[in-house]
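Undergrad: This is what each chain is made of:
Protein chains: 2
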Amino acid sequence: MTKPLNELSAAEAARRIEARELTAEALAAACFERIDERDYAVRAWAFIHAKQTLAEAREIDRMPRRSRLHGVPFGIKDIIDTENLPTEYGSPIYRGHRPRADAACVALLRRAGCLILGKTVSTEFANNHPPPTRNPHDPAHTPGGSSSGSAAAVADRMVPLALGTQTGGSVIRPAAYCGAFAIKPSFGSINRQGTKFVAESLDTIGIFSRSAEDLALALEVLSGRPVPDFASFTGKPRIGLCRTPRWQDADAATQANLEQAGRLLAKAGATVSDFELPAGSEALFDRHRTIMGFESARALAWEYENHPDQISTSLKPRLDESWQVTRADYDALRETARQCRRALADRMREVDFLLTPSAQSEAPRSHESTGDPVFNRAWTLFGVPCVTVPHGKGAHGLPLGVQLVGPFDGDSALLGWAHWAAGALGAGG
Amino acid sequence: MTKPLNELSAAEAARRIEARELTAEALAAACFERIDERDYAVRAWAFIHAKQTLAEAREIDRMPRRSRLHGVPFGIKDIIDTENLPTEYGSPIYRGHRPRADAACVALLRRAGCLILGKTVSTEFANNHPPPTRNPHDPAHTPGGSSSGSAAAVADRMVPLALGTQTGGSVIRPAAYCGAFAIKPSFGSINRQGTKFVAESLDTIGIFSRSAEDLALALEVLSGRPVPDFASFTGKPRIGLCRTPRWQDADAATQANLEQAGRLLAKAGATVSDFELPAGSEALFDRHRTIMGFESARALAWEYENHPDQISTSLKPRLDESWQVTRADYDALRETARQCRRALADRMREVDFLLTPSAQSEAPRSHESTGDPVFNRAWTLFGVPCVTVPHGKGAHGLPLGVQLVGPFDGDSALLGWAHWAAGALGAGG
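As given, the protein sequences belong to chains A and B, one line each in that order. Number 285 in numbering that gives the first Met the number 0 belongs to position 286 of the first sequence; there are no gaps in the numbering. Number 283 in numbering that gives the first Met the number 0 belongs to position 284 of the second sequence; there are no gaps in the numbering.
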């Protein structure tokens, strides 16, 4: 039996398009069919305009090949500007907003011959007010947030690749909840022009896919970081098993799953040893909100001053509180973060990557919460690259993930190891 | 004789407004009169809408006092979004563009009861294509760039305060050329939501004024950094006289002026000693374009792909070249910059601030160039705060400046010392 087109990996789709066995138009049409069939239940998409997009796909089919992802469709989180599709940042304040230009990341995709399939649901200003999106594995559960639509759409095989953003845990957590692969690259990897800020010192554009190879292909187009030679990542990696200072926040299934993943990878040849974060790192777990709050109050100052009544009842009080953070507290925590970054960089010389939970549990059975980013926030503050690989199931049978964390700017190698780990864990990849 | 209203410092204007001796409306009207009288020659303003703005001033006059700068007008560089005035980023691609929202920095000013007087001329995308703006001291000379209009408007007493941005030398250099005070604060001081990026790892919003005190008042509103207790900066600062690895690029007048400033400050009580930058810092002077190029090509990817014919003949070839910078070179220079930052931070513990040229000469007699940022680029890459204080004259009698550089996040103290130095140098302030 041949795989339905909407289930192809980006790598396989691009290969067939290059070989003229497939057109960008037919691939997009298969994605739109899947969306048509499923999105009434999943609600991953904020905007699609199939007719216009299929016309763009035909244009791409007429172009000379521009990149290794020529013709491949992407979902774009609706916190990222698109010239020819509305961009509402998940807020009624921006109803019907049409930006003048594409964000840099969208322009880079178009430059590479990729197709923008549509906009995926973002929570309100990429914060944590619950979105309409449902977990594709069970609609009673959250898909996570804030990149809810990108995670759900990729996991539900509506699109092979999608972009999201992470300030706390908004890429890795929803990917793990939905059973997708994702990367939050090193801070500064993907240009943020035209992306609405939550906290500019943390906001990082990330990628969702169904394999580590697809993440690498997309990261190359978006950041210039080369696709690793996957065949060379077959050795015996040194893995640091990092339970973090918040290990007790992980549920039993998550704890058991991480330790079992460590054993499986050891069996596959890795040296796995316990890894303690540098002293002082607890502050990055506990006080991330000092930085996020100080910055997000200012980033949303126009909205807060001019449209307070259109800010959700969950965000409004967070912003009220955020205005109380002092510059001195903010500067002090930034200095702590810089010290921790240096200490972590030193200590990470002993390992190839860390293995740590992607989230504290499977996706909660809730539409009131998008889950807790406790296992993501500190890594975002460290600025280091993080990849989540689907592995295992939670107590209700929903997907779990394990998170691989690499040294700063070591994104390509981390994806090489993620591909290896996914194979060793039986997650494809 | 009383000072004309348009010549008041922001501090004095705010004091009179608080005492109900002056209205925001009368102050704005005086600024508009000065603009009317002078801007045909200086061409500092991209957009003004006096009727609408005077109505806003009357609203501000009816409000309870919101900050220490209540009622004070600001010019806003036209690279920064404003909801109710066009924002064209100095490019015909954005002719007539009306952003949906104010940039965060504009929203913070309005929140503080400040008046947005109008948009000041930016060079095309804050790069270096020459603007229409003239140096107010001599129209045959450039005002510098890219914050050309903000520097010229403040120096020519059209407005007491203005915002600009610096990626290489776009705040400190034009301020020095026009005889204004300015601060490029520590990286991360003023929120950049709604500011068009050139290179996001460098772009820094800065402030122009006619005194160090006014810079401090504006920085407090914009960043939360407290106004220093100026009276306490009367001691005997330890000053590092930093000629930089590019000393030979400074003309004779600039070299003599800096050394004379050092002698004057020593006479006023300072301990002045020579200061060598850490080994390796030369790379930050020589290879800044590796970072700026890599990032600006991506930040302007939409414009480059969709409107290449509307990009200037000076910017287009720079962008063509910038696409050739590799990720590996970019990452390597960022790593060098991080090492240099740490080494500089260690070494700066020995001094209160550095004294270094603000520019290589007075404003060049040219409308083909905005001058050379050779004495600014490395400081932008270091991320440390820089203040220029007007001092001395060049060979053609145009203003020179001296640049004070402080430790990272030491902006408030640096402004305290700038106020002291301006007094000791006889520059007011």
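Read the hints as simulated data drawn from the structure, not as lab findings. Don't take each hint at face value.
Stated by the list, open to error - Residues from chain A that keep clear of chain B, each with C-beta distances beyond 10 Å, as calculated:
hint : residue
1    : A106
2    : P244
3    : R245
4    : D250
5    : K266
6    : S272
7    : A298
8    : E302
9    : R333
10   : R341
11   : R348
12   : S368
Said to hold, decoys possible - In silico SDA-like cross-links for lysine to any residue, where the CA-CA straight-line distance does not exceed 25 Å:
hint : chain 1 : residue 1 : chain 2 : residue 2
13   : A       : K315      : A       : H96
14   : B       : K50       : A       : N305
15   : B       : K315      : B       : K50
16   : A       : K315      : B       : L318
17   : A       : K315      : B       : K50
18   : A       : K235      : A       : P225
19   : B       : K315      : A       : S66
Said to hold, decoys possible - Covered stretches of chain B (chain A as the covering partner; in silico rule of three or more C-beta atoms under 8 Å from a C-beta of chain A):
hint : stretch
20   : 49 to 62
21   : 101 to 108
22   : 186 to 193
23   : 263 to 271
These numbers were taken from a predicted model, which means no experiment stands behind them. Note that beta-carbon positions come from the ideal geometry of N, C-alpha and C, so glycine has one too.
Undergrad: Say whether it holds or is violated: P244(A) keeps its Cβ farther than 10 Å from all Cβ of chain B.
TA: About 26 Å separates P244(A) from the closest Cβ of chain B, which puts it past 10 Å; holds.
Undergrad: Is the hinted pair K315(B) and K50(B) satisfied, with a Cα-Cα distance of at most 25 Å?
TA: Not satisfied, since the Cα-Cα distance of roughly 38 Å exceeds 25 Å.
Undergrad: Examine the stretch 49 to 62 of chain B for residues whose CB is less than 8 Å from any CB of chain A, and state whether their number is three or more.
TA: Check failed, 0 qualifying residues.
Undergrad: Mind verifying the non-interface call on S272(A)? Its CB should be farther than 10 Å from each CB in chain B.
TA: holds (27 Å)
Undergrad: Straight-line Cα separation of K315(B) and S66(A) no greater than 25 Å?
TA: holds (23 Å)
Undergrad: Against chain B, does R333(A) hold up as non-interface, every C-beta pair farther apart than 10 Å?
TA: violated (7 Å)
Undergrad: K315(A) and K50(B): Cα distance at most 25 Å?
TA: Between K315(A) and K50(B) the Cα gap is close to 34 Å, so the pair fails against 25 Å, i.e. violated.
Undergrad: Please settle this one: D250(A) was flagged as non-interface, so is its CB more than 10 Å from every CB on chain B?
TA: holds (37 Å)
Undergrad: Beyond 10 Å from every chain B Cβ: check whether that's true for A298(A).
TA: violated (4 Å)
Undergrad: Hey, is R341(A) genuinely clear of chain B, shortest beta carbon separation above 10 Å?
TA: R341(A) not clear of chain B: closest Cβ-Cβ about 8 Å, inside 10 Å.
Undergrad: Check the non-interface label on R348(A): least C-beta distance to chain B beyond 10 Å or not.
TA: For R348(A), whose nearest Cβ neighbour in chain B is about 14 Å away, the distance exceeds 10 Å, so it holds.
Undergrad: Once the closest CB in chain B is found, is it more than 10 Å from R245(A)?
TA: holds (27 Å)
Comparing the model with each earlier hint shows violations of hints 1, 7, 8, 9, 10, 15, 16, 17, 20, 23; every other hint is respected.
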